[in-house]
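Colleague: Sequence:
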Amino acid sequence: MEEWLSNVANELKRRYGPIEVKRIGSSYYAYRVSSVYDPEKRRARKVSGEYLGKITRNGFEPKRRAVLRSVFEYGNASFLWGLMQGIIEGLRDHFPDSWKEIAALSIVRTLRPTPLKYAESAWSKLYLSEEIDASLSPNTAAQRLREIGSDWASQREFFSSLIRKNSVVFIDLSSIFSESVNLRLAEKGYNKDHLNLKQVNFALLFTDGPVMLKMVPGSVRDVKYFSSVLDEFDLRSCTVVTDRGFLSMDNMKRMKEMGVGFVQPLRRNSRLIDYTLPMEGRFVYHHRGIRWGKKEVDEGMYLYLFEDVKLRGEEHSNIIEMAVNGADVEIDENVLGKIPIMSSVDIDGERVYLLYKQREEIEQAFDVMKDELENDKSYLSDDYALRGYFFISFVSLYLYYAALNTLRRNGLVGNISVNELLFELSRVFMVKYSDGSTGLSEVPKKVERLVQRLGIHILPKT
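Count the sequence shown with our numbering and you get residues 154 to 615, in order.
One thing to keep in mind: the hints can contain errors.
Straight-line alpha carbon distances no greater than 27 Å define the calculated DSSO-like cross-link-like pairs of lysine-lysine that follow [said to hold, decoys possible]:
(1) 253 to 278
(2) 253 to 216
(3) 207 to 253
(4) 216 to 166
(5) 318 to 216
(6) 491 to 463
(7) 199 to 175
(8) 207 to 270
(9) 510 to 409
(10) 377 to 318
(11) 207 to 175
(12) 510 to 318
(13) 253 to 510
(14) 166 to 253
(15) 448 to 463
(16) 510 to 463
(17) 318 to 270
(18) 318 to 409
(19) 270 to 351
Label pairs and their computed distance ranges (CB to CB) [stated by the list, open to error]:
(20) 154 to 589: 27 to 37 Å
(21) 224 to 320: 39 to 49 Å
(22) 266 to 438: 28 to 38 Å
(23) 285 to 504: 38 to 48 Å
(24) 612 to 507: 30 to 40 Å
(25) 191 to 586: 43 to 53 Å
(26) 441 to 593: 41 to 51 Å
(27) 317 to 167: 16 to 26 Å
(28) 376 to 207: 56 to 66 Å
(29) 605 to 485: 55 to 65 Å
(30) 191 to 499: 51 to 61 Å
(31) 563 to 166: 40 to 50 Å
These aren't lab readings, by the way, just hints derived from the structure by calculation. Beta carbons: idealized from backbone N, C-alpha and C, even for Gly.
Model the full assembly from the supplied sequences, consistent with the hints where possible.
Modeller: Put into structure tokens, the structure is as follows:
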């Protein structure tokens, strides 16, 4: 390499990190470069990324922006960046080469469901892009996803750092369908719609927010996967709330031996249930009368039986209607309206029932994620890219629930949604002037009151 070219290249390395100089014709061009693990060759290989600019004998000519932006969305991204401080140290520690791209992609996806190919454009509209040098060109973003997705060890350590002792952990498993020949994890398996299609399963651990999200082969059932969760994550002293699909006596006994509490709903035909159990307690849940009883069925294992009085009447009515219409049905009065739950915790029945009902939040989280995954899965060409995308989705989900908990703490959940909050905050703009100085645009009164109510520190003190 000629001396003048070497000098310019060394200066660019100090400014941008690892780069690659390519000669095309008689001209030289600079690109970001990194390495990605090749599982087939079992070694790292060099990958070119974002185009930086042209190198000439007169120096470096950086690529030009199509539009010189001077007005940026400020309030929404600033708020999410503040929420991200709870995990940013962990992202820096476990993903030192890609934490900026993780932060940028996650914030963009939390603000609006933008396809990956438009992420760079969406990021450039935020003032945070002036403060964090994240590269989100389609090629660079895809490369980062593969790097993140191929490093499960770092993901696992990051997730483990989020699981607190003595917490209640909810677990669920869902799936998306894919016929991509490049996704080896896409396999035919069980799904609630009984469709004979290839699918990729994904599992979520959740406390007051998500603490783990992982891809799972499509053929893996809930029971088998939960056993691997117990192997990979330290859940001792935690209480795990599962779904009916995770039912396994082996898993329940194993949790009991490990010191992991559990709340396990049972199928109504389970032989563990005693429908003659007396209903001695009662409470009201969302204007529905609930009766409950409890008994110890084994040392340290308790059967809770709940009767939703309104549900009992609805089911009784439906069965009678089916019989009148000619269906051959039998009415078991003991089963109607009953919700059986096995647990290792000996507490008040109402608290067990509330834990069972909290799972609805996880199902809502899955619905949001599945919509986004369905929109973007065509851009994810292999297992590693999809694994990386799942991690970005996890961080985005973390931010969403951190925002939701901010609304909860301030009693605003019923008044404004997370999406409405982010929209209102997007009306706070940062203006960049020609002399290099910056300043906020006029702040709408509604936004100012909202910021004060929530204690969000994104506006200058007055």
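Colleague: Are any of the numbered hints broken by this structure? If so, which, sorted upward?
Modeller: Those not satisfied are hints 5, 13, 17, 27.
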